[in-house]
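Peer 1: Each chain is listed here by its residues.
There are 2 protein chains.
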Amino acid sequence: MAASTTLTVNYTRIQTLTSYFQHFNRRSPFRQSLKRHAATVVSGRELARQIHKEVQSDTAKLVAQGNRPHLSVILVGDDHASHTYMRNKARAASLLGMSSSTIFRPSSVSQEEMLELIDKFNRDRSISGLLVQLPLPEKDVDGFHIVNIGKLCLDQRCMVPATAAAVWEIIRRTGIETVGKNVLVVGHSKNVGMPIAMLLHSDRNHERPGGDATVVMAHRCTPLPRLKELASLADIVIAAAGVPHLITADILKEGAAVIDVGINRLQDPVTGKLRLVGDVDFEAVKEKAGFISPVPGGVGPMAVAMVMKNTVTAAKNAPTY
Amino acid sequence: MAASTTLTVNYTRIQTLTSYFQHFNRRSPFRQSLKRHAATVVSGRELARQIHKEVQSDTAKLVAQGNRPHLSVILVGDDHASHTYMRNKARAASLLGMSSSTIFRPSSVSQEEMLELIDKFNRDRSISGLLVQLPLPEKDVDGFHIVNIGKLCLDQRCMVPATAAAVWEIIRRTGIETVGKNVLVVGHSKNVGMPIAMLLHSDRNHERPGGDATVVMAHRCTPLPRLKELASLADIVIAAAGVPHLITADILKEGAAVIDVGINRLQDPVTGKLRLVGDVDFEAVKEKAGFISPVPGGVGPMAVAMVMKNTVTAAKNAPTY
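Chains as they are written, first to last, in my numbering: chain U, 1 to 321; chain F, 1 to 321.
Each hint can be trusted.
All copies of an identical chain are treated as equivalent in the list; a pair is satisfied when it fits inside any one copy or across any two copies.
DSS-like mimics (lysine-lysine), calculated; alpha carbons at most 30 Å apart, straight line:
| hint | residue 1 | residue 2 |
| --- | --- | --- |
| 1 | Lys253 | Lys228 |
| 2 | Lys53 | Lys151 |
| 3 | Lys228 | Lys288 |
| 4 | Lys316 | Lys151 |
| 5 | Lys151 | Lys120 |
| 6 | Lys190 | Lys316 |
| 7 | Lys190 | Lys151 |
| 8 | Lys120 | Lys61 |
Derived from the structure by calculation, the hints contain no laboratory data.
Okay, chain U solo, but in the shape it has when bound:
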């Protein structure tokens, strides 16, 4: 019996040591102390403010040169969320010293009329940036033209689609390391998941620098056990699936950085009110992650800031005449 007891004790001790070392090795480099703290909550609002300041100063310089950036918006249909999103952008533009205008079209507008309108706007030299907001959110075309996506995927200088740019800037400005790290991108939409994967996996020395991370592209066809397996290996998780509470604390690695791109409206069972939640189980994940960006107040305001930044870039690149 003594032998057996000794064995048990040793085994327990080995277990403890093993999990200690695993714990130690698996800790994110972002966290300096071994004592467990809740995650740093990355404020998209705060970072957006930084970018707005930079854009404001760039805009002032352009205005002094007689080249005030102008953002034009074509808004199709009467989707409430689209209108709110647009109003936020128009307000941001005016606060930063840019002019803006919005053209409304009914959702019955013909493809031909749309193409003519876009072509006219493209040739109009007084317009620096153009946004077309279609009724379906997945057709949002901020920085989302075939040629632009071609350049993006070939690591050439381009307009990075606003939401992907927002994720990129959050990572950069928070000082989260990407080179050689494991990134899990959940969701393969063309306007969010795909461009984020493109940015993060590509070469950091290319014209449009990438993150040089190992990137996993997971999506609705990824079986849940597989998703968990991959999440447990990830240093950075980017949730863009549109599924509330998809990313829970138990599947994450301690100290991981979690960026929540989901925007889901859930009805509160008590008050009956609609509230905005992301794809991440925020309260629990906050206790395990190293960094977390909240919904609302994370990627959303940053995306608006990136549209403003893109508009200024377009104004800068416009031929002087």
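Once you've looked at the hints, dock chain F against the given chain U.
Peer 2: Just chain F now, kept in the frame of chain U:
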């Protein structure tokens, strides 16, 4: 001591059962029997022959309509490998009933002259397909224009770059399942790794159908232990890193499908002759994998076949006049 011995025996038995079930669960669906056989060696030459036959019959129809597909090649510089590659394509075209022509330019050719030449060829209605072979192999532009890459990444109908198309066809024609499977793509080049990842991770119901697989994009910045971890989870491994013997049997899951895109020239230590090897340790991996495509005779001949197929598609899509 007896207790200790019993425990050891039990432990061993649990180990054995565990690895048996792991082994069972991890077996690829491609393999039906539990008895271990060597991998099916996928012959790129054989599949290429199939495609050539299909292309030949399409070509005959087009010729009957007075629209013989014509492949034009602009070959820049005097790189030996480029010349060989081009000669193989010209020979394939003529065997299939297409006409072809090659224009040679020195590597000192100006960017301006190249653009003019390409523009002229693009407007020439007698030319169905155009290949520009630049001195650096990574600049091969088979199906590799910004607009085309934009369409590819947005899952729109397009010319799929030849090597990526070759990998796709090998997977499809061998009957390897991709939906919900784990795919590891090693190498993030813009002409091979990136388009392969785009094809395999995207939605199977889109205009340009994807594989709906979970795709990992690994590359030179992926630490080796991480690569091993990810390889052990992969149902399909696509090796396009240009590193001989990178993919060894020990890191693979039993029954995985292994597609070797590497082309490396190694000097035989005995004979001193150069020989072609891929990124996969073929002899050992063959014993563990479910499917394996060899080098030479795998992706190479398939890529030539896909260029022929792309040329016929271009001829079909050309406006009749």
